[in-house]
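Visitor: Line order of the protein sequences matches chains G and X. Mapping to numbering that gives the first Met the number 0: the first sequence position 109 is 108, numbers consecutive. Mapping to numbering that gives the first Met the number 0: the second sequence position 331 is 330, numbers consecutive.
By construction, these hints were calculated from the structure, which means they are not laboratory data. Every clue listed holds true.
Listed next, with one range per pair, are the computed distances between beta-carbon atoms:
#, chain 1, residue 1, chain 2, residue 2, range
1, G, D21, X, L312, 55 to 61 Å
2, G, Y149, X, G304, 41 to 47 Å
3, G, T222, X, G324, 52 to 58 Å
Treat the numbers as computed from the prediction; the structure is a model and nothing was measured. Virtual Cβ for every residue (Gly too), placed ideally from N, Cα, C.
Residue-level listing of the chains:
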Amino acid sequence: MSTIFEVRSLKRAFGGLAVTNDVSLAMAPGDRVALIGPNGAGKTTFVNLVTGNLTPDSGDVLIGGESVTRIDATGRVRRGLVRSFQVTRLFQEMTSAEHVALAVLQRDGRAGRMFGHFLAMPEVMAEVAGLLGKLGLSELMHRRVSEIAYGQQRLLEIAVALALKPRVLLLDEPAAGVPQSDTGRIEQALADLPADLAVLMIEHDMDLVFRFAKRVIVLAAGTIIFDGSPLDVTRDARVREAYLGSYANAGHAA
Amino acid sequence: MTMATMNDALAGAQGKGRKRGRDLAGLAVILGLAVLGYLLFPNNLALLTRMTAIALLVLSLDLVTGYCGVATLGHAALFGSGAYASGIAAVHFGITDPLLMLACGILGGAVAGLVCGIVILRAHGLPQLVLSIALIHLFHEFANKASAWTGGSDGLAGIAPDPLLGYFEFDLWGRTAYVLGIILLAVVFALLRLIVRSPFGMLCRGVKEDPIRIRAMGASPKLALMKMYVISGAVAGAGGTLNAISTQVVGLDSLSFTLSAESLVMLVLGGTGSLFGALTGTIVFMFFEDIVSAANPFHWLTMVGALLIAVVLFAPKGLYGTVAGLAARRRGAGR
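Please build the complete structure, drawing on both the sequences and the hints.
Guide: Following this line, the structure appears as structure tokens:
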């Protein structure tokens, strides 16, 4: 099995506190992995280390066998490591088509072009229409983000990520903040992700995790305490302790 | 394709057609106003040419402030650098062909844009504003001290441009300079319309709204802003050169904080983030200034201040931005 994405003993401390402590994992194309963990487990720091927004104290991040530890965030995106955001970060004044077109143009190295308009570029528009169609957003193609519903914005976020043709996709709580009635469409979009794409999803919603992931990784206090099938995760003693422990503490605080 | 998507596709195509129509309308308005100005104020062409030069400065400021969200109160550094570059080329190096002077000015402005961009883009928000103020004072002081080249506080005099294309003399009434200015403005306007609508323009709008999102798409916000700063410098440099050619002198005021602040006021007055807004602001401000200062030489600044307060309070999108917004709403309601 070939490895497309690998993290080797990643460490990062803030002050004296090791927030990411010796984390290692490897993923192959087509993997569907969920990363879960109680609050404060270090999930956000892990994402920032992997995407290049934070530098690790030690350890390595590899994409397709190439070490990207010393490559900045934009370079990692160009090598195929793409992320979505927990809270949508879209451009309020731009249309859905503009978002996807910008991603397509950027991927092809044409986002710096100073002439022409993407509406007049048939190959770009074909891709834009295809992606928006696949996510059921065709009707909103020329609507501004400020005019579309939050659930649809989350779908657009996925469309933008896919337009970058990632090899590894990091989904940061793709269903966060979406009303119950719309989660079905998000789940459908996740099920329709390209088969050869390696997906690492950070998620709180356990139902979604169990339906989506073939493999679950549990992070607690900066280290991986479980890496295995969704069936085994609920039976694992350390996982239960990590979650129950945090609930117990929360109970005391309240 | 469903009915709705077809409608939307049509809407997109119509939007494109409408934009192209607006481009041509914009050029027609510029040329129409130019002819009108020429007919109404044949003895005041110097003011109109100055207005054209300042319009180039305000357009240039709009590129970085309106389209990219960079806060600057030092944009005259680019304008003045262009003016001095063409002036020095003419006085010290004998490059007196107006088009070659223009090339020197554009290059000088672009280099100044690069320098200012490198410094200003290191910070954001308030520190960025302070850096820009520091820069304009540094440029001003440098030009003041390098008096062997710049004439210092006396100004750089003795700029005597050759006839334009070897045929059109720069006459006492300023007709040639005026026509050169209008052609320059029309060409720059057309080029900028192209740039702000291009993929690069879209990228810059993205940078203005959320640089982190742009980075997550694999593009460097800083690189985009640097490019825009250099373009902005070229445009401001063209404006500076036009002023140098038409007045045949370059003064320290072209590198002043006052001019920088005034250009920002004009931009806000007209409306940021729109090329039409930049032009509207320049025309309204400079005409207002001219008329009011003639009518009441003592209190004209008070009235300019009152106008600005009124616009910022009651039309925060600027004069053009507010009118365009109202027109769009009426179109939307009529549908």
